[in-house]
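Q: Protein chains in written order, with the numbering used here: chain B, 1460 to 1816; chain E, 71 to 458.
Since the hints were derived computationally from the structure, they do not count as laboratory data. Each hint should be verified, as a subset may be incorrect.
Okay, the calculated bits of chain B under chain E, using three or more residues with CB under 8 Å as the criterion [as the list claims (entries may be wrong)]:
(1) 1507-1518
(2) 1625-1631
Think about it this way: if two alpha-carbon atoms lie no more than 20 Å apart in a straight line, the pair counts; the simulated EDC-like pairs of lysine to aspartate or glutamate are [what the hints assert, rightly or not]:
(3) B:LYS1785 - E:GLU200
(4) B:LYS1635 - E:ASP159
(5) B:LYS1602 - E:GLU292
(6) E:LYS312 - B:GLU1784
(7) B:LYS1602 - E:ASP273
(8) E:LYS246 - B:ASP1621
(9) E:LYS298 - B:GLU1578
(10) E:LYS163 - B:ASP1755
(11) B:LYS1772 - E:ASP288
(12) B:LYS1785 - E:ASP266
(13) B:LYS1635 - E:GLU247
(14) E:LYS312 - B:GLU1687
(15) B:LYS1635 - E:ASP273
(16) B:LYS1635 - E:GLU292
(17) B:LYS1553 - B:ASP1536
(18) E:LYS312 - B:ASP1649
(19) E:LYS312 - B:GLU1651
(20) E:LYS312 - B:GLU1797
(21) B:LYS1602 - E:GLU81
(22) B:LYS1785 - E:ASP159
(23) E:LYS359 - B:GLU1797
(24) E:LYS312 - B:GLU1599
(25) E:LYS309 - B:GLU1796
(26) E:LYS309 - B:GLU1784
(27) E:LYS298 - B:GLU1631
(28) E:LYS312 - B:ASP1608
(29) E:LYS413 - E:GLU397
(30) E:LYS163 - B:GLU1578
(31) E:LYS309 - B:GLU1578
(32) E:LYS312 - B:GLU1633
(33) B:LYS1785 - E:GLU292
(34) E:LYS309 - B:GLU1797
(35) E:LYS351 - B:GLU1796
(36) E:LYS312 - B:GLU1583
Because the structure is a prediction, the values reported are computed rather than measured. We put the beta carbon where it would ideally sit given N, CA and C, even for glycine.
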Amino acid sequence: MVFLLQYIYKLLSTLSIKLGTGDIAKYPFLNEASDYIRETHFDFEEFNRPEMRHIINRAAERMETELISGTIYQKLDKYEVEILTFLVTLMVAKYIGIGLILKKYSLFEAMRAERFLSEDLKKERNEQRKHLLLSKIFEELFKVTVDVDSTDNRLFKVRVTDYLMRASHFHEQEWKLINRLVHMGYVYLDAEETVRLIRSELSTLIYNRVKSMTLSTFPETIKLKADELRVKLVPKYEHSIYRVTGYYPPCIRHALKVMNQGENLPHSARLMLATYMLAIGKSIDDIVILFHNAPDFNEKITRYQVEHLAGTKGSHTKYSVPSCEKLRNENLCFATEECSGIINPSQFGRNSKNYNG
Amino acid sequence: MVSSINNNSYEKNIVLLRSAFREYYFKHSKIIEIPERIEEREFGFMLFEAGMIRHLSFRNIGELLATLIKEVPSDVYCSNAYYRFPTYDMHEKQWVGADLIFDIDAKDLHLPCEAMHSYIICANCGEPQEIKADVCIYCKTGKLNHVSIPCNKCNYGLKKEVKHLVDFLISDLGIKEKTISIYFSGNNGYHIHISDIEFHRLDSQARSDIIGYLIGNDMMTESIGIRKAEASSDGFLVKFPKSGMMYGWRRRIAQKLGIDQTSTTKLHNMVQQKGGYSGFKAELLKMAKDIGVRIDPQVTMDVHRIFRMAGTINSKSGLTKIRCNNEIESFDPLNDACLLSDKEVNVEMKVPIKLKLRGQSFKIRKETARIPVYAAVYLICKGLARVN
């Protein structure tokens, strides 16, 4: 009964208030932003009008900041400007058509929203508005229920399973469940931690928005700006496609393919990839480059981790390639007939080598 | 554990086991639990003389029972996973989820009584070994197996560990008691099955994180408020986390250390006594391991595994894997899971033995004995006797 009353209260409080325009400016991926575009009958050809130049330049500036400087775009304008700027960035990313660039841009946009959202959750004193934000972003978009702790409103609680489905793929030790406050099926987090949980999904949401965009023609002004940007971006992103040779075992080929698409490989797959490359004699530098396409790539951290696996840093224990059985358990095995008789990916191709020789 | 060097004796053993197992499946079919969503599960049989068969599927319990009585497998397994196509190859099955399962085995508890009731048996010739060696002292080739006749202390230790696990599952992970099924494994351990559908969707990685939580792996000092000071290698700061020390692992550690949210100075002194940050970190890791639950990590992590099915016989002992949720306190595996026939058969003993099964004490010193089938099967499965 108590839970029912709490639920009804929450529902009523959510219905009685609406998102402000400031929220839509910060979170332009929300359905309310799309409604705005629809309700104002905005025609994309309007981007060719001179007064729209400001928006297009702003969109380019935002993409350059994120994709070239590698920093989050901080500026925040009024909602009409933000919604249109965001729309232009999506159209530019679509027109450029390079998957890796889109992946990276989606991740930065997710991190930009993450920053606003954690600030809002920390500063918002109105409990109803706090609930509304949680429901609009976490529940409506990602089906994750987040509640404010009843004894300390600086804390948020998420179901253990919702937490594990996301945080178990993070690399840092602090995200391991044992290092969290866990009680009666909930994990308690502060605002930043709560928001960090959905970074990957937010990034995928933005990525999919662009992927599913169907545009027969692009406004000329957007095409011109996209071409300018492409010239700047291609040298930075083109070199990092790692060649997938036919000689790697299928598990490694699959991981490389995922990595080349700029997708987030789980920790276990990264460990497999790095230990395998070390086992076949690749240099640390070569292996670090291989991870360049990871959306959360950080050269310093990656180098340390690879050196740790190689046994040159940290515990000074050289890690071996996980066995086929372990990889099967972790859903990382994509065995083909060529794998028959091997129990570790590092044995792949040894027989055929002898045969060929 | 039915070794094969003496073909005549081996065949006689198999005949007895098959007959006892068939009678069991015929008479005790109600004990066999129907797995939920049976049609989405993969089944596997270990056959007495033909190895393992996997990728089987049954539409209902009747179909399964008929096959058990006809084929009489030595062991019956069922996947924890649900598949769209359970009979296809592993890559084509289309995994849709899996029950969460934990395995507590006496061998992982390292109980002091273990050495008192363990035997080393050659897997090739079946002979017990009087001395510890790398290969069999008789046939010089065989792999050596350790078998154990669990005692009351083993059972007590196992139950204590089960209760410890259940406490973690309910009070920390919020798993509802009614979704927790506790089974005696049929040999020397317990299986804990969680049917809560919220946990079905978790992949191997997420389950691995649950294991780390339960066994007490990778605990950081920071999670209880001790941070490394940048200035020196062993310097530290104490500031309790804002989410408090009242629940979960933090409560367990606080209880062990005798501290609460107000004990900043006390904790500071404790860390200093351990030589600073690194010393305390090592102490905390050890403490967490001691407090954690002793489970087999591989079993829980594997989302494609086939598990011994509840209500079927374990060929390592002839005992039944049986549910014991409500009677865990009074549950006696050597009585409550011993369900084979009590007709008598002659056996040849390999070692003198003393044990209690189904309330009856057996002290067999002579080389041959006439004992009930349930006791004969138990000793044959353990490799300590053969059909005479």
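Q: The structure should be examined with respect to each hint, and the outcome stated for every one.
A: Results for each hint:
| no. | hint | in the structure |
| --- | --- | --- |
| 1 | 1507-1518 | violated (count 0) |
| 2 | 1625-1631 | holds (count 3) |
| 3 | B:LYS1785 - E:GLU200 | violated, 37 Å |
| 4 | B:LYS1635 - E:ASP159 | violated, 33 Å |
| 5 | B:LYS1602 - E:GLU292 | violated, 31 Å |
| 6 | E:LYS312 - B:GLU1784 | violated, 42 Å |
| 7 | B:LYS1602 - E:ASP273 | holds, 18 Å |
| 8 | E:LYS246 - B:ASP1621 | holds, 17 Å |
| 9 | E:LYS298 - B:GLU1578 | violated, 27 Å |
| 10 | E:LYS163 - B:ASP1755 | violated, 33 Å |
| 11 | B:LYS1772 - E:ASP288 | holds, 19 Å |
| 12 | B:LYS1785 - E:ASP266 | violated, 26 Å |
| 13 | B:LYS1635 - E:GLU247 | violated, 25 Å |
| 14 | E:LYS312 - B:GLU1687 | violated, 49 Å |
| 15 | B:LYS1635 - E:ASP273 | holds, 15 Å |
| 16 | B:LYS1635 - E:GLU292 | holds, 12 Å |
| 17 | B:LYS1553 - B:ASP1536 | violated, 24 Å |
| 18 | E:LYS312 - B:ASP1649 | holds, 9 Å |
| 19 | E:LYS312 - B:GLU1651 | holds, 14 Å |
| 20 | E:LYS312 - B:GLU1797 | violated, 54 Å |
| 21 | B:LYS1602 - E:GLU81 | violated, 59 Å |
| 22 | B:LYS1785 - E:ASP159 | holds, 18 Å |
| 23 | E:LYS359 - B:GLU1797 | violated, 42 Å |
| 24 | E:LYS312 - B:GLU1599 | violated, 29 Å |
| 25 | E:LYS309 - B:GLU1796 | violated, 56 Å |
| 26 | E:LYS309 - B:GLU1784 | violated, 43 Å |
| 27 | E:LYS298 - B:GLU1631 | holds, 17 Å |
| 28 | E:LYS312 - B:ASP1608 | holds, 12 Å |
| 29 | E:LYS413 - E:GLU397 | violated, 28 Å |
| 30 | E:LYS163 - B:GLU1578 | violated, 45 Å |
| 31 | E:LYS309 - B:GLU1578 | violated, 23 Å |
| 32 | E:LYS312 - B:GLU1633 | holds, 15 Å |
| 33 | B:LYS1785 - E:GLU292 | violated, 31 Å |
| 34 | E:LYS309 - B:GLU1797 | violated, 56 Å |
| 35 | E:LYS351 - B:GLU1796 | violated, 47 Å |
| 36 | E:LYS312 - B:GLU1583 | holds, 18 Å |
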